[in-house]
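> What follows is the residue order along each chain.
4 protein chains.
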Amino acid sequence: MSDKYAPLPEHKFSFGLWTVSNRGRDPFGSEVRPPLAPVDAVKMLAQVGAWGVNLHDNDLVPIDATPAERDRIVKEFKQACDSHGIVVPMATVTLFFDPAFRDGAFTANDPAVRAYALQKTLRAMDIGAELGAKIFVLWGGREGTETDACRRADDAVKRLRHAIDYVCEYSIAKGYGYTFAMEAKPNEPRGDIYMATTGNYLGLIPTLAHPEMVGVNPEVAHEQMAGLNFTHAVAQAWEAGKLFHIDLNDQVPGRYDQDFRFGAANPKSAFFLVKFLEDVGYAGPRHFDAHAYRTENYDGVKDFARGCMRTYLILKEKAARWNADAEIQAIVKEIHEPSMPTPAEATYSPAHLATLLGHTFDRGTLAAKNLPYERLDQLTVEVLLGTR
Amino acid sequence: MSDKYAPLPEHKFSFGLWTVSNRGRDPFGSEVRPPLAPVDAVKMLAQVGAWGVNLHDNDLVPIDATPAERDRIVKEFKQACDSHGIVVPMATVTLFFDPAFRDGAFTANDPAVRAYALQKTLRAMDIGAELGAKIFVLWGGREGTETDACRRADDAVKRLRHAIDYVCEYSIAKGYGYTFAMEAKPNEPRGDIYMATTGNYLGLIPTLAHPEMVGVNPEVAHEQMAGLNFTHAVAQAWEAGKLFHIDLNDQVPGRYDQDFRFGAANPKSAFFLVKFLEDVGYAGPRHFDAHAYRTENYDGVKDFARGCMRTYLILKEKAARWNADAEIQAIVKEIHEPSMPTPAEATYSPAHLATLLGHTFDRGTLAAKNLPYERLDQLTVEVLLGTR
Amino acid sequence: MSDKYAPLPEHKFSFGLWTVSNRGRDPFGSEVRPPLAPVDAVKMLAQVGAWGVNLHDNDLVPIDATPAERDRIVKEFKQACDSHGIVVPMATVTLFFDPAFRDGAFTANDPAVRAYALQKTLRAMDIGAELGAKIFVLWGGREGTETDACRRADDAVKRLRHAIDYVCEYSIAKGYGYTFAMEAKPNEPRGDIYMATTGNYLGLIPTLAHPEMVGVNPEVAHEQMAGLNFTHAVAQAWEAGKLFHIDLNDQVPGRYDQDFRFGAANPKSAFFLVKFLEDVGYAGPRHFDAHAYRTENYDGVKDFARGCMRTYLILKEKAARWNADAEIQAIVKEIHEPSMPTPAEATYSPAHLATLLGHTFDRGTLAAKNLPYERLDQLTVEVLLGTR
Amino acid sequence: MSDKYAPLPEHKFSFGLWTVSNRGRDPFGSEVRPPLAPVDAVKMLAQVGAWGVNLHDNDLVPIDATPAERDRIVKEFKQACDSHGIVVPMATVTLFFDPAFRDGAFTANDPAVRAYALQKTLRAMDIGAELGAKIFVLWGGREGTETDACRRADDAVKRLRHAIDYVCEYSIAKGYGYTFAMEAKPNEPRGDIYMATTGNYLGLIPTLAHPEMVGVNPEVAHEQMAGLNFTHAVAQAWEAGKLFHIDLNDQVPGRYDQDFRFGAANPKSAFFLVKFLEDVGYAGPRHFDAHAYRTENYDGVKDFARGCMRTYLILKEKAARWNADAEIQAIVKEIHEPSMPTPAEATYSPAHLATLLGHTFDRGTLAAKNLPYERLDQLTVEVLLGTR
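Protein chains in written order, with our numbering: chain A, 1459 to 1846; chain B, 1459 to 1846; chain C, 1459 to 1846; chain D, 1459 to 1846.
The list that follows gives simulated cross-link-like pairs (lysine-lysine, DSSO-like), each with its CA atoms no further than 27 Å apart: (1) C:1760 <-> B:1791; (2) D:1616 <-> C:1774; (3) C:1501 <-> C:1533; (4) A:1774 <-> B:1616; (5) D:1760 <-> A:1791; (6) B:1616 <-> A:1791; (7) D:1592 <-> D:1632; (8) C:1616 <-> D:1774; (9) A:1774 <-> D:1774; (10) A:1533 <-> A:1592; (11) C:1774 <-> B:1774; (12) A:1616 <-> B:1791; (13) D:1501 <-> D:1592; (14) C:1616 <-> D:1791; (15) B:1774 <-> B:1470; (16) D:1616 <-> C:1791.
For the record, the hints were derived by calculation from the structure and aren't laboratory data. None of these values were measured; they are calculated from a predicted model.
Model the full assembly from the supplied sequences, consistent with the hints where possible.
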């Protein structure tokens, strides 16, 4: 492979501990890969050229660990990260694996579960802070229902808000400096999950006590499970100043959560995503929340990890090529030109209103404007396929 | 049929002019029903017992009408409404039918199209105001793409915001007293539509100049096209004070926009929706944005319209029955009780934090909490099926 | 609850051992229920009123059992079934759980895996035969791909045919008297599974060496995952004489495999299914391949099992009511009458051809035929909701 | 553009008359392009380098044409084809556009509609035969339901069989030499369409009177609407000797019927399809059943048509490159080798059975087999992206 696609720290490629350590268990089959110790996962990430590692509390510290075990484990992990030159940009908490959370965590009907979930999150924040993380992701994997008979859905919203407000205060009180990135998902493992799309979180955030501390962590697979255009969701988040983190992987629409290698399901939609992130200058981590096929051994896991980063860099190069393509740029210029004289776009004013209402538009002229989008898309396909 | 399900004005059932006047054209077939004049549609709605009628500008006034024609048409329509006791609670604008809008309206690349879309919307607001409408719906049916090469998606967001801000100012300036209800849709007729879900609009609204004037108009079919739980979206909007209008119909997930009779595709999800709206006391119109099968004549259109309202009222009665069912309520009570002593839920304070962090939770106890949701859902099914 | 919906042996309700023994593990969480021994599952099924139990080889006999252990286990299980009056109508084989099958079984690339899969299936047939099963289901859960680079898809078809032909010969040679029921699924746990729909198997069967021995086992969830109309698939299978078994459960389209309680996701589509099965006189087992929510304990598992059967019987009663409803039947009669005189329907003959080609049809008359399907569907909804 | 991707007659690229003549009407908008006369469409196809044109009867001959008009139109069209060097490989019939077919054609409840549909099909076969077509496609666009209350689904199967048997006899009687290619679709314009997938037709064909005359016409979009792997469906059809025709276009899963330019939605799945067709030596037409975006004028339609063919040829070249790549082929070889000694694969015989049952398999060895599918897929992606 060409060196020009080798990952560098400046690319900010990170992987979840849980991704490279994924053992291939699924609803219809047992584990196929032996356990991978967190320090060995860090070593592997260093080998493949990653920049960072992210983790849930229990990816690293067993849920039953004593405080002393917890301290030792975190310390050793930190040392391993340091010695391999791997940073920990993001931490999160598992509020979904243990049977205690089988009806949710922050939104569970049992008040004791809600309190426990909050306590567990605060302790996960401690771990993350100790490891240097400044981004805290919250994915409410069990915050949902199989039957809406169990709870009023607006109560779930209120409970969720309460929890987020609380963790923001805790971060302030402790001086952790966290931003929180909320991760949406429409379903699985619950029949329906509250806050189904990134948009739902963008709607919740302004209702929080500290909206400035909270943004989103859109995930390719989660949006595409619902058949939605992921780049559109990312763009709205970016435009609102809320793109605090991103989870890259791939997914065929309308299916179980596949978490495929980045670009593996649909390289064209991956291209538009990379192009957007690079065009706007997104400066955060490029986190791969994916895992290797269950057919792989750990050599295959490395192939998988390398493939994620390499495909990103290939697509980044193609985005630059697209931007530099004269024919493409000529079309882009043409399609943005007005078809006929028109009042300048401006915010409302009585004067502008008068001009606008007084203007005569010719619908035939508007409809005749040349918009060669087929040609533009075909050129895009050819940049993607490398024949241009 | 029993009289107890007869529609009354207090139920606030409304239909779009375009719904009962739908002539059955689709991508693979021509019209099957003759044109229905707006005044005849109003008459039909009165016959079936509806309370209100909604309209796009061009449902009533042809796009090429002269000002004099426009005035005459609106006046006659108002008289027809008055004589039939039908109100016009909501108006909207078609920014999708004419070829001028083939690349969108507020987000089109052509600045002249954007200006024309704005002008057309202002004039539609005039019509609505004249007819007494206080809710103005905006559905951006063509605001989207088939290829993301054509425009940066964040530019679309900015353009959309500009337009919404403008129309808010216009409503203020004219004293129309409108609230605006934004209607999301994931795709069709565009490959992807911006603001794919109700959540996306909830996220956009707080970034507007007049967020207090703008809410959402969730539509069953549009959310279910993406396989999302509609009641969850409605609940979030309601909880945020943003449920300004609602479009009732039905839809099988993952398909073309079907706009079926309310409750026809899935009566169980329709039940949870009606139950939510009635439980929270939603006081706005129950608008049916649906149309009769293409196999129907206008008698069938009446059957369709009657069916929408009747099913709503049957489900409303079932919701009351559910709330009154002792066994169901006992389960609802039980599932909300704490499994073990737990710190009271409260906003963050140092004292509460200390209590929370000092509390010991027993995960086994949390996991053992009785949550008879299968039983609860089965009882719900039996209320729905009328065997309880 | 009323006794009239109590399950009886004549209803032929069966459950898989794996369904009531399901422990609630999913991709994001560990087991929530303790193990349930096969004999205890049989006892539970007797308690709730089921007629039969089905099993995979390894639901009963551990994959590593010695021949002596196997014999003892099967014998004890048979005794438990007998003492509880539970029959074993169907058996199957797990070719998906063990890591050996991570790339499939009959279609795996490794010839040794294919041979082992065959051997394992023959031994599972021995177990089933010993327990009295006459139906053998084959679900190729791992027969698929994440990348089509790994194998030519037509090779997979050939390999699958080879295996089915082999097991048919084995059944003949041993005198087991099995019929084989092939179960399709579009995806999960593989990215894509070969033989994605029931239709694909209906297409494969005629190419087998013993097509008369092989039919299908359609599953509600598997067809609805792809958004398909399950009743249509069942009807085609029935009409072809190939409905050898059926898996009842429920599923929202376009999602992970939910395996909900029968009728829980969409009672209307469940109604049409039950109505079809009862109308045509399907005489085979009504097998529930579903499992309780992960929020349940074993009392909830019983609620779940009872709910499956009870909903079936309620819908069966409603189907009879639909058939007896005079208004409904009048519409059914009307919609099947010719709109105008027309040549009698007949197989091709020169004489019929001459008549047909000589006939003049009036398209306007054809298009004016009254088809009150909205009314018919609304009446159906009201039968379903119990208001009629 | 490079000449090496120029379409040639040997590539057998065909377009439907209805594809390049598509005027951009959709459910939410009127036509955007002026009518294109059939002879002008042929001229355009010649300009862009196509080999063939396909047509529905009414694409060419208006439904109300007199016999004399019909004869003149067909004759002139044949002359236009001849003079432009365009062949007519396939013909079909529209049984979905006219209101007469609003409840289906061959499966309609009205016997007069069924008879008219048959008559119309026979006359469409006459047109096709006169133009030299040897493939006749049948797509039952209206053969379906919005409510299953209207008809028993097995009756629909019987009616469909009757019609297919009849048209086969007609072809024999007239000596037309047709093969029939059945085209499946899951839904749209009907709520559900019978024979939802290619598999369903593969299942129906063996039950016909002349199965040897009938195969399938799989369409990318129709299978992908249901989220199914199109190449798998094509492979099964091919393996059964039933791939009589193919409709190429593109489609995002779980949406309305998009009919995008070939390769536009997902170039990777298009790659696997092209690779399959070329690897097996499919010799039939490569028919593009797609249309240009509604944003285009007729220059854009040409861009669209050129893009379909060009992308096919680029992917064909990449398929050859994949086959010639040494690293890829080494992996392909490795993954097909047995992990351990195993009985040779053979049809059933008592001797083989004895060998198979006597063999000891080591599950650990089977599970340890190296299957570097991540690497293989990444190499595939890089061939696709042109970096290899």
